[in-house]
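Colleague: Could you put together the complete structure from these sequences and hints?
Going line by line, the protein sequences match chains A and B.
Position one of the first sequence corresponds to residue 297 (my numbering), numbered consecutively onward.
Position one of the second sequence corresponds to residue 2 (my numbering), numbered consecutively onward.
Note that these hints are calculated values from the structure, not bench results.
Glycine is no exception: its CB is placed at the ideal position from the N, C-alpha and C atoms.
One should not assume that every hint holds.
To be verified - With beta-carbon atoms standing in for the labels, derived distance ranges:
| hint | chain 1 | residue 1 | chain 2 | residue 2 | range |
| --- | --- | --- | --- | --- | --- |
| 1 | B | Gln96 | A | Ile356 | 12 to 22 Å |
| 2 | B | Gly15 | A | Ser314 | 44 to 54 Å |
| 3 | B | Ser63 | A | Ser335 | 29 to 39 Å |
| 4 | B | Asn58 | A | Glu311 | 40 to 50 Å |
| 5 | B | Pro62 | A | Gly337 | 24 to 34 Å |
What the hints assert, rightly or not - Restricting the straight-line Cα-Cα distance to at most 25 Å, the calculated cross-link-like pairs of lysine-lysine (DSS-like) are:
| hint | chain 1 | residue 1 | chain 2 | residue 2 |
| --- | --- | --- | --- | --- |
| 6 | B | Lys41 | A | Lys357 |
| 7 | A | Lys345 | B | Lys41 |
| 8 | B | Lys42 | A | Lys345 |
| 9 | B | Lys42 | A | Lys406 |
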Amino acid sequence: AQSVTQPDIHITVSEGASLELRCNYSYGATPYLFWYVQSPGQGLQLLLKYFSGDTLVQGIKGFEAEFKRSQSSFNLRKPSVHWSDAAEYFCAVVGNNDMRFGAGTRLTVKP
Amino acid sequence: DTEVTQTPKHLVMGMTNKKSLKCEQHMGHRAMYWYKQKAKKPPELMFVYSYEKLSINESVPSRFSPECPNSSLLNLHLHALQPEDSALYLCASSQDNRGGNQPQHFGDGTRLSIL
Numbered sequence: 297a298q299s300v301t302q303p304d305i306h307i308t309v310s311e312g313a314s315l316e317l318r319c320n321y322s323y324g325a326t327p328y329l330f331w332y333v334q335s336p337g338q339g340l341q342l343l344l345k346y347f348s349g350d351t352l353v354q355g356i357k358g359f360e361a362e363f364k365r366s367q368s369s370f371n372l373r374k375p376s377v378h379w380s381d382a383a384e385y386f387c388a389v390v391g392n393n394d395m396r397f398g399a400g401t402r403l404t405v406k407p
Numbered sequence: 002d003t004e005v006t007q008t009p010k011h012l013v014m015g016m017t018n019k020k021s022l023k024c025e026q027h028m029g030h031r032a033m034y035w036y037k038q039k040a041k042k043p044p045e046l047m048f049v050y051s052y053e054k055l056s057i058n059e060s061v062p063s064r065f066s067p068e069c070p071n072s073s074l075l076n077l078h079l080h081a082l083q084p085e086d087s088a089l090y091l092c093a094s095s096q097d098n099r100g101g102n103q104p105q106h107f108g109d110g111t112r113l114s115i116l
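Modeller: In structure tokens, the structure reads:
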């Protein structure tokens, strides 16, 4: 079965600094990969997705992610973090038609 | 605002009560999902409906009973819940779930507390 690992439980960055959140997946075939963000008390919002083709995908809110098959990774990046980016971020993989989430990374943004 | 609407936003119930959570989408999606999310944890899949038929039940206790009256609506009927069932219940929908490449759209959830 497919699975996702997010190695960082909590990351703190300063506002304006760059951000990279790590995601490693396990799946035998080409995976469908997603990043979602969840603010407190809200549902999950899709940031971006990867199915095939260009390995660098652009998402909403200035986020991008790069699919690296050789490293089984799909890391999320943003060049300059805003205070409003503070939230929980989930990487997810779909295989066999059901979605599995990583444990999540909580992002704190310092002024 | 999300395109998947869940009601109520908050629900407090006793262990002997019967209540229902409701989810509605008007995006023409044919797959709908129920997830359970405990604090500081990722969502856990409970049920999947595909074209109004139950396609996945992740060994969920029978005190949770899903229902899909039509392609736009998804209910979760609750009966004799336990305190450990207190959680955020999320509904999601996708165009379908036959290809795996359809992103899921989530509602804001129902915060359920069992007394």
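Colleague: Now tell me, hint by hint, if it's right for this structure.
Modeller: Hint by hint, here is what the structure shows:
no.: 1; hint: B:Gln96 / A:Ile356: 12 to 22 Å; verdict: holds, 19 Å
no.: 2; hint: B:Gly15 / A:Ser314: 44 to 54 Å; verdict: holds, 49 Å
no.: 3; hint: B:Ser63 / A:Ser335: 29 to 39 Å; verdict: holds, 33 Å
no.: 4; hint: B:Asn58 / A:Glu311: 40 to 50 Å; verdict: holds, 44 Å
no.: 5; hint: B:Pro62 / A:Gly337: 24 to 34 Å; verdict: holds, 26 Å
no.: 6; hint: B:Lys41 / A:Lys357; verdict: holds, 23 Å
no.: 7; hint: A:Lys345 / B:Lys41; verdict: holds, 23 Å
no.: 8; hint: B:Lys42 / A:Lys345; verdict: holds, 21 Å
no.: 9; hint: B:Lys42 / A:Lys406; verdict: holds, 23 Å
Hint violations for this structure: none, all hints satisfied.
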